[in-house]
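Just so you know, the protein sequences line up as chains A and B, in that order. When the first sequence is numbered by the working numbering, its final residue is 465 and no position is left out of the sequence of numbers. When the second sequence is numbered by the working numbering, its final residue is 1004 and no position is left out of the sequence of numbers.
Think of the hints as simulated: they come from the structure by calculation, not from any bench. A quick note: this is a predicted structure, and the numbers were derived from the prediction, not measured. Virtual Cβ for every residue (Gly too), placed ideally from N, Cα, C. Please note that the accuracy of each hint is not assured.
[As the list claims (entries may be wrong)] When the alpha-carbon atoms are kept at most 30 angstroms apart in a straight line, the in silico DSS-like pairs for lysine-lysine are as follows:
| id | chain 1 | residue 1 | chain 2 | residue 2 |
| --- | --- | --- | --- | --- |
| 1 | A | K341 | A | K266 |
| 2 | A | K385 | A | K362 |
| 3 | B | K872 | B | K924 |
| 4 | A | K458 | A | K333 |
| 5 | A | K362 | B | K872 |
| 6 | A | K226 | A | K266 |
| 7 | A | K226 | B | K801 |
| 8 | B | K805 | A | K266 |
| 9 | B | K805 | A | K226 |
| 10 | A | K385 | B | K924 |
| 11 | B | K805 | B | K794 |
| 12 | A | K385 | A | K458 |
| 13 | B | K880 | A | K362 |
| 14 | A | K333 | A | K266 |
| 15 | B | K880 | B | K805 |
| 16 | A | K458 | A | K340 |
| 17 | A | K226 | B | K872 |
| 18 | B | K995 | B | K880 |
| 19 | B | K994 | A | K362 |
| 20 | A | K458 | A | K341 |
| 21 | B | K872 | B | K995 |
| 22 | A | K385 | A | K456 |
| 23 | A | K459 | A | K340 |
| 24 | A | K333 | A | K385 |
| 25 | B | K794 | A | K226 |
| 26 | B | K994 | B | K880 |
| 27 | A | K385 | A | K459 |
| 28 | A | K362 | B | K794 |
| 29 | B | K924 | A | K362 |
| 30 | A | K226 | B | K880 |
[As the list claims (entries may be wrong)] Stretch-level coverage of chain A by chain B, calculated; a stretch enters the list once three of its residues show a Cβ under 8 angstroms from a Cβ in chain B:
| id | region |
| --- | --- |
| 31 | 248-254 |
| 32 | 263-275 |
| 33 | 293-303 |
| 34 | 307-315 |
| 35 | 390-398 |
[Unchecked claim] If you want the ones that stay clear, here's a sample from chain B, every Cβ over 10 angstroms from chain A, calculated:
| id | residue |
| --- | --- |
| 36 | R842 |
| 37 | F843 |
| 38 | I846 |
| 39 | I893 |
| 40 | L897 |
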Amino acid sequence: MSELVVFKGFGRVLLGVFQALLPLLISFFIFQIFYLKLPASYIKNIIKGIILVLSGAALFLQGVQIGFLPAGQEIGAVLGGSPHRWLLIPAGFLLGFTTIMAEPTVRVHSIEVEKASSGYIKKNVIIYTIAAGVSIIVALAMTKVVYGIPLQYLIVPGYLLVLVLMKYTDPAFVAIAFDSGAMATGPMTVTFVTAMSVGTATVMEERSAVLDGFGLVSLVFLAPILSVMLLGLAYRWKEKKGDKNGE
Amino acid sequence: MTGLIVFEGFDHVLLDVTQALLPLVIVFFIFQVFFMKLPGQFIKNLLKGMLLVLVGTTLFLQGVQIGFLPAGREIGAFFGGSPYRFFLIPVGFFLGFTAALAEPAVRVLSIEVEKASSGYIRKNLLIYTLSLGVAIFVALDMVRIIYGLPFHYLVVPGYLLALVVMKFSDPAFTAIAFDAGGVSTGPMTVTFILSMAVGAATIMEGRSAVIDGFGLIALVALAPILSVMLLGIVYRKKEGKDDGDGA
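Chain A with its partners taken away, still in its complex shape:
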């Protein structure tokens, strides 16, 4: 019986994912036939990749709808409805941190950075820098929901700070920083964090679910950009100091 609940509507999810992927597949095969003409072994791997993506995305969306969305909303609603609303702030910090640790895209990305920098930038340094940035920002964002601070007050200074820091950071770190922002807003974080803030904003009478509930993902995108660029500055500073000591 409970098995049925888990896979309720799975056919529809699968169909939706297939429809979403279809244009991409058709365009790829048109390119293949007319221009690319890649060898068969290549095509075989691509087809396997497509099957994995199709089934992976369908399972993921199903899991999100039966598991993550209701859980995130429930946590947000319980905390937002309680007399101790400020609890949302440490809760946001903790959940921001653990969600980033659980985001597979972040892990893949940090392994790539370690490889590309030949071990100079360690995998765990990147993961923890991203997680620290995101947890601080989610805590800030919860403060925003609790006290009804407009999103602009966080976004505008945030983006301006990014543009300024960009000037002072090593271009390679700027690239890593933006990649980190992209990876931190992976499927897992988006689902859980948004569900939580929408849940909170829905229970709090004086807040609107749309106005106050959204905006978190944008901050989660901003957070690692800032924290990784700061890491870049720290590395540069350390190098300079190392040079001086060498002389």
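For chain A, the structure is supplied; the task is to place chain B on it using the hints.
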């Protein structure tokens, strides 16, 4: 044999992800025991949901890595190396659109927006607006790569424009727009479109794969911010008109 290649590093990935998910599960259970006390059926569904999310995300990432990454690179290298480089522009537009459509996080956000706005902002309208924005900016980025323009020329005015448009758009759309920027840089778009841009940049002399890659992510994050805020302006106009008719 090819089966082995497809799942190369797969057990490793799965173990990593399980370890990663553990802290999130623990935090959730602490909340459950002390604060929330949800019914058993809910917890059961949640656990199943988490399992599906875990398996689904792992499969999805694996599929993107083996299938879409090489395909994107080949497409980029093919058109970048051909005498008709300008083909990269329409190809970028088309693939940008289709990749954003296939992004799971885009779907999740749109579902949440439709729910939170009680159907006022339709799911598909948001998905198509967002994808159109991504398509235009990927095409613009291809123009940038072909002519070798520095990324500052697009990124800095783009973000400043976003901060200006924010003043004129409906506030409800602003938060959603910035969130849309975060979700559009998901694993599908980043991996597939980025490998296409890198493929094209690598084959053209005097282009740096690192810098070009960064520029693309910054633009893909910017695109939906602008397109969704424009949608907000359209909605506001429409409403203003309706009000005028009513009065």
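Going down the list of hints, with the structure as the test:
1. Restraint check for K341 (chain A) and K266 (chain A): satisfied, since their Cα atoms lie roughly 29 angstroms apart, inside the 30 angstroms limit.
2. For the hint linking K385 (chain A) to K362 (chain A), the alpha-carbon distance of about 29 angstroms falls within 30 angstroms, and the restraint holds.
3. Pair hint K872 (chain B) plus K924 (chain B) holds up; C-alpha atoms about 25 angstroms apart against a cutoff of 30 angstroms.
4. For the hint pairing K458 (chain A) with K333 (chain A), the CA-to-CA distance comes to about 24 angstroms; that is within 30 angstroms, so the pair holds.
5. With a C-alpha separation of about 22 angstroms, the suggested pairing of K362 (chain A) with K872 (chain B) holds against the 30 angstroms cut-off.
6. Straight-line distance between C-alpha atoms of K226 (chain A) and K266 (chain A) comes to about 26 angstroms, which keeps the hinted pair within the 30 angstroms bound.
7. Proximity of K226 (chain A) to K801 (chain B) is assessed by CA-CA distance (about 15 angstroms); at most 30 angstroms being required, the pair is judged to hold.
8. Taking the CA atoms of K805 (chain B) and K266 (chain A), the gap is about 26 angstroms. The hint holds against a cut of 30 angstroms.
9. The hinted pair formed by K805 (chain B) and K226 (chain A) meets the criterion: a straight-line CA distance of about 13 angstroms does not exceed 30 angstroms.
10. For the suggested pair K385 (chain A) and K924 (chain B), the alpha carbons sit about 26 angstroms apart, so the restraint of at most 30 angstroms is met.
11. Taking the CA atoms of K805 (chain B) and K794 (chain B), the gap is near 18 angstroms; set against the 30 angstroms cutoff, the hint holds.
12. In summary, the hint linking K385 (chain A) to K458 (chain A) is supported, as the alpha carbons are separated by about 18 angstroms, within the 30 angstroms threshold.
13. The suggested pairing of K880 (chain B) with K362 (chain A) holds, with an alpha-carbon distance near 26 angstroms, which does not exceed 30 angstroms.
14. Note on K333 (chain A) and K266 (chain A): the hinted pairing holds, with a Cα-Cα distance of about 26 angstroms set against a maximum of 30 angstroms.
15. The hinted pair formed by K880 (chain B) and K805 (chain B) meets the criterion: a straight-line CA distance of about 26 angstroms does not exceed 30 angstroms.
16. As the CA atoms of K458 (chain A) and K340 (chain A) are separated by approximately 19 angstroms, the hinted pair is consistent with the 30 angstroms bound.
17. The suggested pairing of K226 (chain A) with K872 (chain B) holds, with an alpha-carbon distance near 19 angstroms, which does not exceed 30 angstroms.
18. Distance restraint check for K995 (chain B) and K880 (chain B): the Cα-Cα separation of roughly 19 angstroms lies within the 30 angstroms cut-off, and the hinted pair is therefore satisfied.
19. For the given pair, K994 (chain B) sits about 29 angstroms from K362 (chain A) by alpha-carbon distance, which is consistent with the 30 angstroms threshold.
20. Between K458 (chain A) and K341 (chain A) the CA atoms are separated by roughly 23 angstroms; this keeps the pair inside 30 angstroms, and the hint holds.
21. Among the hinted pairs, K872 (chain B) with K995 (chain B) is consistent with the structure: their alpha-carbon atoms are about 21 angstroms apart, no more than 30 angstroms.
22. Distance hint between K385 (chain A) and K456 (chain A) is fulfilled; the C-alpha atoms sit about 19 angstroms from each other, no more than 30 angstroms.
23. Restraint check: the Cα-Cα separation between K459 (chain A) and K340 (chain A) comes to about 20 angstroms, which is no more than 30 angstroms; the hinted pair holds.
24. Our distance criterion of 30 angstroms between C-alpha atoms is met by K333 (chain A) and K385 (chain A), whose separation comes to about 26 angstroms.
25. A threshold of 30 angstroms between alpha carbons decides the hint, and for K794 (chain B) with K226 (chain A) the separation of about 25 angstroms falls inside it, so the pair holds.
26. For the given pair, K994 (chain B) sits about 20 angstroms from K880 (chain B) by alpha-carbon distance, which is consistent with the 30 angstroms threshold.
27. Taking the CA atoms of K385 (chain A) and K459 (chain A), the gap is near 21 angstroms; set against the 30 angstroms cutoff, the hint holds.
28. For the hint linking K362 (chain A) to K794 (chain B), the alpha-carbon distance of about 27 angstroms falls within 30 angstroms, and the restraint holds.
29. Pair hint K924 (chain B) plus K362 (chain A) holds up; C-alpha atoms about 19 angstroms apart against a cutoff of 30 angstroms.
30. At most 30 angstroms may separate the alpha-carbon atoms for a hinted pair to count; K226 (chain A) and K880 (chain B) meet this at roughly 21 angstroms.
31. Only residues whose C-beta sits within less than 8 angstroms of a C-beta in chain B count toward coverage, and the region 248-254 of chain A has 3 of them, enough to reach three; the restraint holds.
32. Chain B is given as covering the region 263-275 of chain A, and this holds because 13 residues of the stretch bring a CB closer than 8 angstroms to a CB of that chain, at least three being needed.
33. Only residues whose beta carbon comes within less than 8 angstroms of a beta carbon in chain B count, and the region 293-303 of chain A has 4; three or more means the coverage holds.
34. Closer than 8 angstroms: that is the beta-carbon criterion, and the region 307-315 of chain A has 4 residues meeting it against chain B, so the requirement of 3 holds.
35. With 5 residues bearing a CB less than 8 angstroms from a CB of chain B, the region 390-398 of chain A meets the requirement of three and the coverage assertion stands.
36. For R842 (chain B), the condition that its CB be more than 10 angstroms from all CB atoms of chain A holds, with the nearest at approximately 13 angstroms.
37. No Cβ of chain A comes within 10 angstroms of the Cβ of F843 (chain B); the nearest lies about 15 angstroms off, and the non-interface call holds.
38. No Cβ of chain A approaches the Cβ of I846 (chain B) within 10 angstroms, the least distance being about 15 angstroms, so the stated non-interface status holds.
39. Once the 10 angstroms rule is applied to beta carbons, I893 (chain B) is consistent with being away from chain A; the minimum gap is 17 angstroms.
40. Distance check for L897 (chain B) against chain A: the nearest CB is about 17 angstroms away, which clears 10 angstroms, and the non-interface claim stands.
Against the hints set out earlier in the document, no violation occurs for any number.
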